[in-house]
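Quick note, the sequences are listed as chains A and B, same order.
Mapping the first sequence onto UniProt numbering, position 223 (from 1) lands on 223, and the numbers just tick up by one.
Mapping the second sequence onto UniProt numbering, position 539 (from 1) lands on 539, and the numbers just tick up by one.
Among these hints, one or two may not hold up.
Because identical chains cannot be distinguished in the list, a pair is counted as satisfied if it fits within a single copy or across any two copies.
As the list claims (entries may be wrong) - Listed next, the in silico DSBU-like pairs over lysine-lysine satisfying Cα-Cα at most 35 Å (straight line):
#1 411 to 340
#2 584 to 328
#3 141 to 340
#4 635 to 258
#5 227 to 635
#6 227 to 141
#7 258 to 671
#8 340 to 258
#9 635 to 534
#10 371 to 258
#11 227 to 258
#12 671 to 534
#13 141 to 455
Think of the hints as simulated: they come from the structure by calculation, not from any bench.
There are 2 protein chains.
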Amino acid sequence: MGRVLGALGAVTVLLFGVGGSAGAEDGYRLWLRAEGGGADVTLPCDEPSETLTIARDELSAALPHGTVRFATSSCRGEGSPRLPRQRDVGEEGYRIAMDGEGYVITARSDVGALYGTYRLIRAVSTGEAMPEDGLTEQPAKRLRLLNHWDNLDRHVERGYSGESIWNWHLLPDYLDPRYTDYARANASIGINGVSLTNVNADATVLTPPFIEKVAALAGVFRPYGIKVYLTARFSAPIEIGGLETADPLDGEVAAWWKAKADEIYAAIPDFGGFLVKANSEGQPGPQDYGRTHADGANMLARAVEPHGGIVMWRAFVYSAEEPEDRVKQAYTEFVPLDGKFADNVLVQVKNGPLDFQPREPFSPLFGAMPKTPLLAELQITKEYLGFATHLSYLGPLWSEALTADTHARGKDSLVADRVDGLAGVANIGTDRNWSGSQFAQANWYAFGRLAWDPKAEPEAIARDWVRQTFTDDAEAVDRIVGMMMRSREAVVDYMTPLGLTHLMGTGHHYGPAPWVDDLGRADWTPYYYHRATKDAVGFDRTESGSDAVSQYHEPLASQWNEVETTPEELLLWFHRVPWDHEVKDGSTLWQSLVAHYDRGVAEVQAMRETWAGLEGKIDEDRYAQTADFLAIQEKEARWWRDASIAYWQSVNGLDLPEGARPPEHDLAWYKAQSFPYAPGN
Amino acid sequence: MGRVLGALGAVTVLLFGVGGSAGAEDGYRLWLRAEGGGADVTLPCDEPSETLTIARDELSAALPHGTVRFATSSCRGEGSPRLPRQRDVGEEGYRIAMDGEGYVITARSDVGALYGTYRLIRAVSTGEAMPEDGLTEQPAKRLRLLNHWDNLDRHVERGYSGESIWNWHLLPDYLDPRYTDYARANASIGINGVSLTNVNADATVLTPPFIEKVAALAGVFRPYGIKVYLTARFSAPIEIGGLETADPLDGEVAAWWKAKADEIYAAIPDFGGFLVKANSEGQPGPQDYGRTHADGANMLARAVEPHGGIVMWRAFVYSAEEPEDRVKQAYTEFVPLDGKFADNVLVQVKNGPLDFQPREPFSPLFGAMPKTPLLAELQITKEYLGFATHLSYLGPLWSEALTADTHARGKDSLVADRVDGLAGVANIGTDRNWSGSQFAQANWYAFGRLAWDPKAEPEAIARDWVRQTFTDDAEAVDRIVGMMMRSREAVVDYMTPLGLTHLMGTGHHYGPAPWVDDLGRADWTPYYYHRATKDAVGFDRTESGSDAVSQYHEPLASQWNEVETTPEELLLWFHRVPWDHEVKDGSTLWQSLVAHYDRGVAEVQAMRETWAGLEGKIDEDRYAQTADFLAIQEKEARWWRDASIAYWQSVNGLDLPEGARPPEHDLAWYKAQSFPYAPGN
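Using the sequences and the hints given, assemble the complete structure.
In structure tokens, the structure reads:
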């Protein structure tokens with residue numbers, strides 16, 4: 001039996017201190033709001049560090065009617081662990097117990113106690129029942145990182161939330177309070193690292209003035225348990241080092257990186273390490289010198305290893321010159337290197353083998369590199385799922401990938417068990433609401449929660465988020481969570497159903513453009529992926545086609561090799577089928593395709609109606625912004641449907657299924673739409 | 001005898017509705033804060049328009065303990081003027097009278113009543129004594145515009161406050177509440193027009209999708225009395241019209257512009273007109289076809305005239321190929337065109353003949369185009385005065401220019417009397433504090449106040465701003481106003497004293513670089529302006545030099561022709577003098593130069609001390625941000641001083657004056673500093 005925590009009062013005590021009227025609401029406070037309840041809490045140790053002071057302040061703000069005290073008995077004095085050793089609690093874990101006077105938080109480290117603090121606040125906010133014998137938790141994964149794709153000119157690649165929050169010009173002298181608010185938000189969901197710069201890297205960040213700026217940010221994040229990482233431009237030895245080469249096997253090059261690492265660690269003793277995109281989409285890398293990814297990664301790894309640093313080397317590779325099916329190439333390039341990476345290297349693998357589409361099968365690399373530490377890279381920013389405006393909760397997408405069974409060691413070889421952590425491409429920018437829209441915040445939140453526990457239930461996470469962010473009105477919560485849980489599939493339905501993929505506009509990736517077939521590289525065109533002709537559509541990835549299925553273990557390889565045993569949601573990913581192919585419900589592929597589009601649009605309409613019914617149950621400002629964005633989403637969902645249908649019809653020559661509405665415009669109109677200033681490009 | 005308005009209570013009622021804690025403060029609310037006082041106010045007409053409803057809401061928020069009512073007697077019914085005719089009150093003027101029950105606001109138009117409303121609120125905020133027989137006011141100038149140098153990709157040229165606030169991607173469907181807050185802020189200081197786009201124009205804004213977005217913004221601004229203007233890319237007929245030429249005398253081109261204007265006015269019936277930069281710094285223009293500025297302006301003027309629109313044609317021209325002294329060229333090019341412009345064209349002239357330097361003499365065009373309507377263009381964003389961080393109140397700079405006597409028609413031919421209005425290059429962006437720093441807001445405010453009344457006293461404006469923005473503690477107000485009033489001269493002192501000019505870093509214009517002498521164009525180099533040699537420094541603009549003095553009327557031409565009668569603050573602008581030239585206080589030029597630098601740095605130190613003494617008198621958040629920025633300003637003031645001295649010494653070989661501190665680094669160090677990501681470039 002549990003005990004309901006705290007008092008869920010209507011008083012809103014604000015944790016983020018910024019100006020404005022007490023009645024208005026712009027989402028700046030994210031999910032960190034207080035219930036005004038009361039709970040007495042004991043934190044470890046009466047000589048509080050900066051971290052424990054933060055913990056106390058969080059509790060005082062969140063539960064202002066209670067008291068916070070520090071336990072004198074748990075300080076062991078200078079030089080010895082200040083906190084009692086907990087057997088089942090790792091370095092970042094905590095225990096929340098109850099005694100007659102309230103709650104007692106203990107942990108192995110101050111940051112663990114801080115995590116326990118946020119956990120307790122969450123429990124109070126959501127009205128969670130606390131087990132009688134308390135709560136002991138620790139993160140399942142040690143690396144829980146955000147990856148910002150922020151350029152030094154403050155443009156955010158694939159960013160739809162304003163500019164980069166890093167104000168390089170004013171750093172290191174001016175520390176914007178927003179950096180602290182950022183750290184708090186992340187710590188509250190267990191994020192423990194951030195890579196500050198775009199994977200399309202700029203060596204300038206490794207120059208002395210910028211190292212000083214980065215060190216200033218690291219100082220803000222440190223008490224929140226957040227380490228700083230940087231992207232390493234592989235050609236930096238040439239660009240800023242004055243060397244003639246960046247060959248990782250060149251002694252001068254290795255020495256340069258070693259000295260650079262030493263320089264960084266002198267300024268930032270707990271610097272996390274480097275994230276690298278190499279020999280991908282034009283980025284420099286070891287292959288420029290006939291070396292392997294392992295050669296490159298290991299050279300960098302040796303430079304940071306003495307300092308405890310790591311190297312995260314991205315496996316997002318595909319070459320226009322390589323004739324192999326794009327989605328096979330990363331496997332082809334990396335599997336031979338399994339076991340060849342140094343211990344402090346992790347290979348960072350996108351959830352799917354293509355590129356963050358609304359649905360992809362999991363990447364076969366997760367089942368094929370047993371000797372190499374891996375990270376799963378997820379995309380929080382909605383590059384392919386409607387930018388900031390479309391409401392699309394990605395918890396289900398990520399959970400689908402993380403709980404996928406690779407069958408690498410027989411059954412129950414989940415992707416989640418194969419990785420040492422998660423990296424999330426951030427959706428954060430200078431917009432007042434951080435993420436471009438209110439509901440985009442939910443994806444940031446869910447990412448943190450899944451990084452902590454990749455097997456957590458996305459619906460439970462959504463429920464927590466809604467309660468922490470909007471309301472604890474039970475019916476409202478149910479309705480909002482319902483919208484969220486159906487929203488990912490809605491996007492799949494109106495953009496890329498039935499295993500279709502990569503049909504977006506060129507460059508900016510905004511809106512539909514399935515007709516594009518004439519870019520510099522075939523593997524950048526939508527046509528490459530759907531290959532639609534008068535008779536058929538889809539990419540044959542079976543043994544008779546590109547044989548991408550063989551990169552998966554049995555029974556998946558066999559299941560996906562046959563249309564009959566392929567889940568319909570991946571049909572056109574793995575198979576090429578005629579337009580009149582009969583799908584599971586007895587309709588034709590064409591009829592089903594149009595039905596999916598209509599279902600997607602209908603789901604957005606339903607979301608709008610549900611949301612309209614919530615007016616008055618949440619604050620007017622966030623209600624209105626979300627209502628406006630849902631209207632945009634409906635307009636764009638129709639656009640995706642109509643443009644796609646117009647195109648498919650121009651290829652297959654088929655009439656619309658009975659009762660289906662024709663596209664609003666003709667294909668030429670859709671092709672003529674141009675968006676020179678769509679954001680994030 | 002006046003009567004003190006309202007009650008200056010300590011309760012802060014916030015007018016801008018955005019989320020946050022009631023205790024914290026980020027400057028978002030600008031100068032629109034309430035005193036919680038009470039005053040009963042009567043507005044015109046009981047069938048309130050949107051504008052009058054806004055006025056009532058402003059009063060209710062600002063003076064919540066009073067009541068607001070509408071006067072039933074002043075509505076005259078459909079179709080006839082709804083408000084009583086006021087003899088001494090123009091279309092935008094108002095009268096604030098007092099009766100037994102409070103205040104009565106009347107006006108010729110609803111917008112006039114809105115201006116009266118803000119005027120009353122200001123009076124209450126600042127504790128102003130209202131004359132017994134009330135207040136009747138109207139703007140001295142009809143055109144009071146902001147010019148945003150915002151690009152469609154949201155980069156703001158010379159912007160140090162984040163991105164462009166115009167979210168083109170979400171327009172027209174989503175109207176960010178910030179647009180309304182922007183409109184309120186501007187209406188409160190009498191701004192009645194905004195040019196949305198960069199003068200380095202992009203024809204895309206004239207395409208149908210963007211016209212729709214612009215119309216949406218115009219709809220937000222309209223009830224606040226603010227018209228929208230756009231910059232017209234002169235080559236638009238080619239770029240978006242498909243024509244072969246943009247020759248203004250070509251019939252097809254004129255027809256294209258006419259149709260384009262008609263299209264814009266169909267969407268925006270009160271569109272203001274076009275702002276044009278042509279044949280300047282690479283922009284296309286009529287001279288590309290052997291036509292004059294008047295040819296180009298008049299063609300556009302004819303296109304907008306039927307709709308009541310205007311054309312503002314910038315006189316910021318200078319050519320690298322033209323050997324004449326850069327500061328003479330605008331006069332040379334435009335004076336022959338005096339009287340040749342259509343009635344609805346205004347020539348827009350920067351305050352000085354160079355480019356917004358900390359100090360310049362006024363532009364001779366103000367005294368030389370008597371037959372042409374003129375606008376004065378001022379720069380609110382501090383491109384040359386320290387970006388957003390340096391505290392530099394520009395009221396004195398603008399007043400100096402506006403109250404300068406051109407002597408065009410004998411004495412008292414002030415610049416202010418020669419112009420039909422003011423255009424201010426905005427310092428507004430997505431930063432939470434709008435303008436990049438708290439004190440940068442003061443320049444936006446002062447611009448509006450001077451556009452309304454160009455002869456207003458900058459100190460009185462500063463006093464109002466401080467009282468409306470920070471505090472009404474008399475001592476604190478005095479100290480802050482004192483800082484502000486000395487701050488412009490401080491920047492002159494540490495950057496460009498004694499008439500020196502244009503010594504900033506290349507491209508980004510950040511920091512000092514007086515040594516630069518080797519760019520693509522000589523007139524872009526600092527060296528062009530100071531011409532320092534071992535023996536002398538300064539630009540001879542007298543009759544024996546470039547004779548720029550002759551572009552001014554007597555007695556100025558003669559006064560500035562002689563060193564003895566030239567104000568020391570313009571010495572090196574007009575004269576070339578030896579380093580040992582004796583200045584007015586008996587010291588040498590060199591000694592005086594170093595003394596000015598030291599005085600500038602000392603003034604910043606003094607500002608820091610003054611500010612430190614204000615801790616506790618204003619809110620902690622804005623106090624802290626300003627303190628941090630003042631520290632940056634001191635660091636940069638020293639840098640300007642030290643780098644400049646190091647350079648001058650390398651040229652003149654002179655020892656430092658007795659007691660002067662040597663530069664911290666050597667010249668090579670200063671030359672090596674590089675800022676690839678300085679903002680606004």
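Cross-check of the supplied hints:
no. : hint       : verdict
1   : 411 to 340 : within (26 Å within a copy, 86 Å between copies)
2   : 584 to 328 : within (28 Å within a copy, 80 Å between copies)
3   : 141 to 340 : within (23 Å within a copy, 75 Å between copies)
4   : 635 to 258 : between (53 Å within a copy, 33 Å between copies)
5   : 227 to 635 : between (41 Å within a copy, 29 Å between copies)
6   : 227 to 141 : within (15 Å within a copy, 56 Å between copies)
7   : 258 to 671 : between (51 Å within a copy, 29 Å between copies)
8   : 340 to 258 : within (20 Å within a copy, 69 Å between copies)
9   : 635 to 534 : within (29 Å within a copy, 70 Å between copies)
10  : 371 to 258 : within (26 Å within a copy, 71 Å between copies)
11  : 227 to 258 : within (20 Å within a copy, 59 Å between copies)
12  : 671 to 534 : within (20 Å within a copy, 66 Å between copies)
13  : 141 to 455 : within (11 Å within a copy, 67 Å between copies)
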